[in-house]
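Visitor: Which chain is which? The protein sequence lines are A and B, in order.
Per our numbering, the very first residue in the first sequence carries number 1; after that it's consecutive.
Per our numbering, the very first residue in the second sequence carries number 1001; after that it's consecutive.
Simulated from the structure, these hints should not be mistaken for lab results.
For clarity, every value in this text was computed on a predicted model and none was experimentally measured.
Some clues are possibly wrong.
Unchecked claim - Derived DEER-like restraints, expressed as beta-carbon distance ranges: (1) B:V1128 / A:L199: 30 to 36 angstroms; (2) B:H1098 / A:S108: 51 to 57 angstroms; (3) B:E1113 / A:G216: 27 to 33 angstroms; (4) A:R254 / B:T1094: 45 to 51 angstroms; (5) A:E316 / B:T1094: 31 to 37 angstroms; (6) A:E18 / B:S1039: 30 to 36 angstroms; (7) A:R69 / B:H1098: 30 to 36 angstroms; (8) A:T27 / B:G1102: 53 to 59 angstroms; (9) A:V11 / B:R1044: 30 to 36 angstroms; (10) B:E1003 / A:Q190: 28 to 34 angstroms; (11) B:S1039 / A:F4: 26 to 32 angstroms.
Said to hold, decoys possible - Here are the computed lysine to any residue pairs in the SDA-like style, where the Cα-Cα straight-line distance is at most 25 angstroms: (12) B:K1117 / A:M1; (13) A:K35 / B:E1012; (14) B:K1056 / A:E177; (15) B:K1056 / A:E224; (16) A:K80 / B:K1056; (17) B:K1056 / A:Y47; (18) A:K366 / A:F142; (19) B:K1114 / A:R87; (20) B:K1056 / A:R87; (21) A:K80 / A:G7; (22) A:K45 / B:A1027; (23) B:K1056 / A:N180; (24) B:K1114 / A:A75; (25) B:K1117 / A:R87; (26) A:K257 / B:E1003.
Glycine included, each C-beta is placed from N, C-alpha and C at the ideal position.
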Amino acid sequence: MIEFLAGALAVLAARGEEIVAKLEKVTAVPPSVTKHCRRVRDDTKGYLQEIRDRSRDLQDLRESIARGRLASSDAEPFIKSYLKDYRDLRRNIDAIEEFFAGHVVRFSDSDEFLTLASATIWLEANLPGDPPVAIASTSGYFCTLASLGIVFAPPNDVQKLLILPDLYHEFGHVLHESSNILSDKPRFLQALADYVYELEQQARRYSRPLPSDLSGNISFRWLEHWAEEVACDTLAARLVGPAFGWCNLHLCIRHAKIYSSSQHPADAARTRHIFRVLKRCGWAKEVADMERRWQEYLHLMSPQKPPNYDDYHPDELFVAVMEDVDAATSSAIPTYVPGSGAICDLVNEAWVAFLRDPLRYPDWEKPRAEQLWKTMRADLTS
Amino acid sequence: MSELSVTYSEYERLSNLLRQLNRASLAARRVIFGVNPPSSEEQRVVRDQLDDALEKLSPTRELSVTRHGTVTVSLEDVLRQVPDRQEVSSNDVTAIRHRITGGLSALTSEDLEKIDKITDALDSASEVLFRRIQR
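Given the sequences, and given the hints that come with them, work out the whole structure.
Guide: See below:
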């Protein structure tokens, strides 16, 4: 088995080297892609070093057995551990190939538009670190693999501008991974502890029957996923203003899951929160318009809240996350102000144009998206 | 964040934990069997990594925030991946953490077997998540 495993490691090393070679050959791409290629190439080289170390360890093990220093039976747990290590390395090499290298070596025009838009927005918003690579090749909606620095976006041949607000939300996930701007949430952690305590006290005081694992499940969801999602919504609403609210409504009507939640809080709770952030940023009139349409939608759909919906979605936790994001970003990251000439301006104009005349919107968008692309390309070469 | 993003993050977390525990178990065996034992300094680093990894395996979801405010993986969830999960309990994890304060050589063969059970579970769980990502 030792020889067989050593052979498998050699094959894996060859695949890793091939990925490194491919990433080194990636040219004619925006600078942010080149940066991520270098970073992922270095990660791959790190895995290659680990593969070499494991090969050497296997060689040592073989020698120890051959010289009688280690009984074959005692060697078995070693080999089993090396097998697990091999599988882990294999999965990580697969991940790099499948979710990063495979995409950047086939970089398309659509990818270029999204990646240039990401880089421009990142700079305009004064976000720290490197903007992600953005790839137009997902079968679902937006998806971020933050550790690889890559965002997958819906194919954007039409509606190039209307979906961009959600890119601001995805940036939150990238920041969550790469900086402490969104990951430090002292107010939220305190609010969660207070909330869970109060929930349990209330249940005792009023003999309210609660599922036995309710507070644990609420804590788990918020700590594991929801606080990050709410922070990303807060950041996006601050950065792009009303356009994010409209984009959220557009997304909500794509599926009928108003009160259901899983890795995200329910659409209804997120929408309420986005309205809250926008109002706080001074967009009361626009929010009133959005709220009117949202109420119309709720009236049409007549959804039913599932049991304990309100327990899972207390305002105080949303507010605490919002305050953490406010505190972490207020001095360094600007909120949206119309008339700056930035992409967020164009995106807000796009939503106004869409709301004014949805059917003729594509005619409005086409020349503006093309102009934006030209400008971004020119900025790249200047 | 899409389901794919969440699954990928979960996969990365399990993969990191697997690597930490598996390499610590290998280092401990190298010390115990005298197969190129790591230096004292390396052993100290590995011991700290092992303790850190075991700390992340909290017994239940209720205890899912460590002192650093990071979310931990539930031992119960991880062990759901192995059929004979009753062989490892949170008390075992606590006992191992207590024992390694005396260094890697203080680990018993039973301790190593229990760590192997956990890494078996993490290996299976990582594979399941990775296949789900690839779909």
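Visitor: With reference to the structure, classify each hint as holding or not holding.
Guide: Going through the hints against the structure:
1. About 33 angstroms separates the C-beta atoms of V1128 (chain B) and L199 (chain A), a value consistent with the hinted range of 30 to 36 angstroms.
2. With their beta carbons about 56 angstroms apart, H1098 (chain B) and S108 (chain A) fall inside the hinted range of 51 to 57 angstroms.
3. The given range of 27 to 33 angstroms is respected by E1113 (chain B) and G216 (chain A), whose C-beta atoms sit roughly 30 angstroms from each other.
4. A hinted range of 45 to 51 angstroms for the beta carbons of R254 (chain A) and T1094 (chain B) is consistent with their spacing of about 47 angstroms.
5. Hint check: E316 (chain A) to T1094 (chain B), Cβ distance near 34 angstroms, so the stated range 31 to 37 angstroms holds.
6. Under the hint 30 to 36 angstroms, the C-beta atoms of E18 (chain A) and S1039 (chain B), about 35 angstroms apart, fit the expected range.
7. For R69 (chain A) paired with H1098 (chain B), a C-beta distance near 31 angstroms keeps the hint of 30 to 36 angstroms intact.
8. For the hinted restraint 53 to 59 angstroms between T27 (chain A) and G1102 (chain B), the CB-CB distance of approximately 55 angstroms keeps it satisfied.
9. Distance hint check: the CB atoms of V11 (chain A) and R1044 (chain B) are about 35 angstroms apart, consistent with the given range 30 to 36 angstroms.
10. One distance hint, 28 to 34 angstroms for the beta-carbon pair E1003 (chain B) and Q190 (chain A), holds here, with the actual separation near 30 angstroms.
11. Distance hint for S1039 (chain B) and F4 (chain A): a CB-CB separation of about 31 angstroms, consistent with the stated range 26 to 32 angstroms.
12. Restraint check: the Cα-Cα separation between K1117 (chain B) and M1 (chain A) comes to about 21 angstroms, which is no more than 25 angstroms; the hinted pair holds.
13. Distance hint between K35 (chain A) and E1012 (chain B) is fulfilled; the C-alpha atoms sit about 22 angstroms from each other, no more than 25 angstroms.
14. Distance hint between K1056 (chain B) and E177 (chain A) is fulfilled; the C-alpha atoms sit about 18 angstroms from each other, no more than 25 angstroms.
15. Annotation: proposed proximity of K1056 (chain B) to E224 (chain A) holds, straight-line Cα distance about 14 angstroms (limit 25 angstroms).
16. The hinted pair formed by K80 (chain A) and K1056 (chain B) meets the criterion: a straight-line CA distance of about 23 angstroms does not exceed 25 angstroms.
17. Taken as a hint, the K1056 (chain B) and Y47 (chain A) pair is honoured in the structure, with Cα atoms around 24 angstroms apart against an allowance of 25 angstroms.
18. Restraint check for K366 (chain A) and F142 (chain A): satisfied, since their Cα atoms lie roughly 22 angstroms apart, inside the 25 angstroms limit.
19. Taking the CA atoms of K1114 (chain B) and R87 (chain A), the gap is about 20 angstroms. The hint holds against a cut of 25 angstroms.
20. About 22 angstroms separates the Cα atoms of K1056 (chain B) and R87 (chain A), which keeps this hinted pair within 25 angstroms; it holds.
21. Between K80 (chain A) and G7 (chain A), the direct Cα distance comes to roughly 16 angstroms. Compliance with the 25 angstroms bound is thereby established for this hinted pair.
22. Between K45 (chain A) and A1027 (chain B) the alpha-carbon distance is near 23 angstroms, which keeps this suggested pair within the 25 angstroms criterion.
23. Our distance criterion of 25 angstroms between C-alpha atoms is met by K1056 (chain B) and N180 (chain A), whose separation comes to about 20 angstroms.
24. For the hint pairing K1114 (chain B) with A75 (chain A), the CA-to-CA distance comes to about 17 angstroms; that is within 25 angstroms, so the pair holds.
25. With a C-alpha separation of about 16 angstroms, the suggested pairing of K1117 (chain B) with R87 (chain A) holds against the 25 angstroms cut-off.
26. Using a Cα cut-off of 25 angstroms, the hinted pair K257 (chain A) and E1003 (chain B) holds, with the two alpha carbons roughly 15 angstroms apart.
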